[in-house]
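Colleague: Chain by chain, the residues:
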Amino acid sequence: MRLTRRNALRGLQLGAGAALLGPALGAWLGEARGQAPQRRRLVVFLEGGGWETNRHKPASTDSNSKILELNRSSLLPLTKHLPILSVIDNLRRPFHNAAAGGHSELFSALSCLPNEPKDSDNPQPGGPTIDSFIASQVGQADRLPLLALGVLSDKGMKDMTVRRLACTLASAPREAIPYIVHPETAREVIFGLPQLEVSTNQPLRRRLLTDFLVADIARLRGKLAGTEQRKLDRYADQLRALDTPVATPSTECLAPQAAGGITLRARIEDTFRHATAALICRQTHMVSIGMTPSNKFLDATYDFLGYTKDNHALNHGGNDPDLLGNKGQIFAYHAGLLAKLCDDLAAVPEGSGTMLDNTLVLWVNDNGAPITPPATHPFARWSSAKPAAP
Amino acid sequence: MVIGKAGGALKPAGLYRDYRQARSLADLYGAVAIAMGADDTTFARQSALPLENRIGPLEDLLA
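If you read the sequences in order, they're chains A and B.
Note that this note's numbering numbers the first sequence so that position 114 is 114, with each residue one more than the last.
So this note's numbering is basically just the index in the second sequence, starting at one, shifted up by 390.
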């Protein structure tokens, strides 16, 4: 008899062992039997350095707020996904406490809580961020309940120290979650495979939770005897059978070909590849991407898009109208990456639809400082100079 | 900005909403929590959001 993952899961008859194996196997069983609702997944993309609101507005809407045209806005690459896209503007921020001279909201951008102490250069989170909370709700059965990937500037990669860790996520008050910023580290965390061992066409094997569960079972086995021990052995055998190519069609779950992470562009695109692959390979339901997050890593220069000034300079603008409000290509580039992620998820069947149908992507502004309170979201601009036309 | 269907929990979109500060970012996250099948009040309680900052999830997003 051929033992497939689905059949193996169906065949598991859990008794006392269910409590031992924890929620992960329970979720697998439910999904395999078609009894559990498809778990949804969330992607949070935190835009460090702030938005230019004029570039994130559609070109025109009708009287019912229906977007008629995205042209001229930085959202244009998302045109294909317009039927499932909402642009949310001008939300009040619960707290006006941008850190470090107003360059970032840090944890507050995703927690809606004040950082502690307020206005410090190195504050602690006041509470959990939304992605960490969602991970605690939907990700407990995943090997990676929360996958936090960050992209830093070239200088940031060199300067990073313990004190300068990139953190804008938190699991609880004073419990910051650092981003994984090295692509090779991300790859190893997600897939457990060094770069050289994987070719672009090699399907990944699903090691995931089975490794952990089997190891746990081995430890527990010594504490059981008789029927319970044999039952546990049977669970272990069936779990080992799950270590087959992933449940999704194997052609869709591929280790991404990493660009090497040397340049800013390579790090950004590696990050999106890894995030997409981790979702498609069902290693996580919660991915959070921090793009030059926090007040410490804003000096990224998008030279591959033709920029000669770094993000920090572009945000301030000073008295140079050519700088201020001139980040359109950067936002469009990011929108294109998000569109690609959505396209890739839409290509993977899931239930009666696709993975994208069970996914929510949230593109969020890291805020920065408004010029005058009350603070709004997205934040408008960093300088009093007039922004350039979109 | 929100993209996706989240298992049908979100309204069909293609919409631009300017809330003119009448709602807060916490309300957006409340809607996200509901769309993900989580209890938005749990996030509000964990994050100890002041009452004035949790009017409720952005109902415009939810199906």
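Because the hints were derived from the structure by calculation, they are not lab data.
Beta carbons: idealized from backbone N, C-alpha and C, even for Gly.
Among the hints, a few may not be true.
Computed spacing ranges between beta-carbons, pair by pair [to be verified]:
#: 1; chain 1: B; residue 1: P402; chain 2: A; residue 2: T227; range: 48 to 58 Å
#: 2; chain 1: B; residue 1: A412; chain 2: A; residue 2: G306; range: 33 to 43 Å
#: 3; chain 1: A; residue 1: G222; chain 2: B; residue 2: G446; range: 33 to 43 Å
#: 4; chain 1: A; residue 1: T185; chain 2: B; residue 2: A453; range: 30 to 40 Å
Heads up, simulated EDC-like pairs for lysine to aspartate or glutamate below, C-alpha to C-alpha not over 20 Å straight-line [stated by the list, open to error]:
#: 5; chain 1: B; residue 1: K401; chain 2: A; residue 2: D62
#: 6; chain 1: A; residue 1: K155; chain 2: A; residue 2: D62
#: 7; chain 1: B; residue 1: K401; chain 2: A; residue 2: D310
#: 8; chain 1: A; residue 1: K155; chain 2: A; residue 2: D310
#: 9; chain 1: A; residue 1: K158; chain 2: A; residue 2: D303
#: 10; chain 1: A; residue 1: K118; chain 2: A; residue 2: D62
#: 11; chain 1: A; residue 1: K155; chain 2: B; residue 2: D450
#: 12; chain 1: A; residue 1: K66; chain 2: B; residue 2: D429
#: 13; chain 1: A; residue 1: K155; chain 2: A; residue 2: E175
#: 14; chain 1: A; residue 1: K66; chain 2: B; residue 2: D450
#: 15; chain 1: A; residue 1: K80; chain 2: A; residue 2: D343
#: 16; chain 1: B; residue 1: K401; chain 2: A; residue 2: E184
#: 17; chain 1: A; residue 1: K158; chain 2: A; residue 2: D357
Colleague: The structure should be examined with respect to each hint, and the outcome stated for every one.
Modeller: A quick look at each hint next to the structure:
no., hint, in the structure
1, P402/B <-> T227/A: 48 to 58 Å, "holds, 53 Å"
2, A412/B <-> G306/A: 33 to 43 Å, "holds, 39 Å"
3, G222/A <-> G446/B: 33 to 43 Å, "violated, 52 Å"
4, T185/A <-> A453/B: 30 to 40 Å, "holds, 38 Å"
5, K401/B <-> D62/A, "holds, 18 Å"
6, K155/A <-> D62/A, "violated, 45 Å"
7, K401/B <-> D310/A, "violated, 38 Å"
8, K155/A <-> D310/A, "holds, 11 Å"
9, K158/A <-> D303/A, "holds, 18 Å"
10, K118/A <-> D62/A, "violated, 41 Å"
11, K155/A <-> D450/B, "violated, 41 Å"
12, K66/A <-> D429/B, "violated, 29 Å"
13, K155/A <-> E175/A, "violated, 26 Å"
14, K66/A <-> D450/B, "holds, 13 Å"
15, K80/A <-> D343/A, "holds, 9 Å"
16, K401/B <-> E184/A, "violated, 38 Å"
17, K158/A <-> D357/A, "violated, 39 Å"
In the structure shown, a violation is registered for the earlier hints numbered 3, 6, 7, 10, 11, 12, 13, 16, 17, in ascending order.
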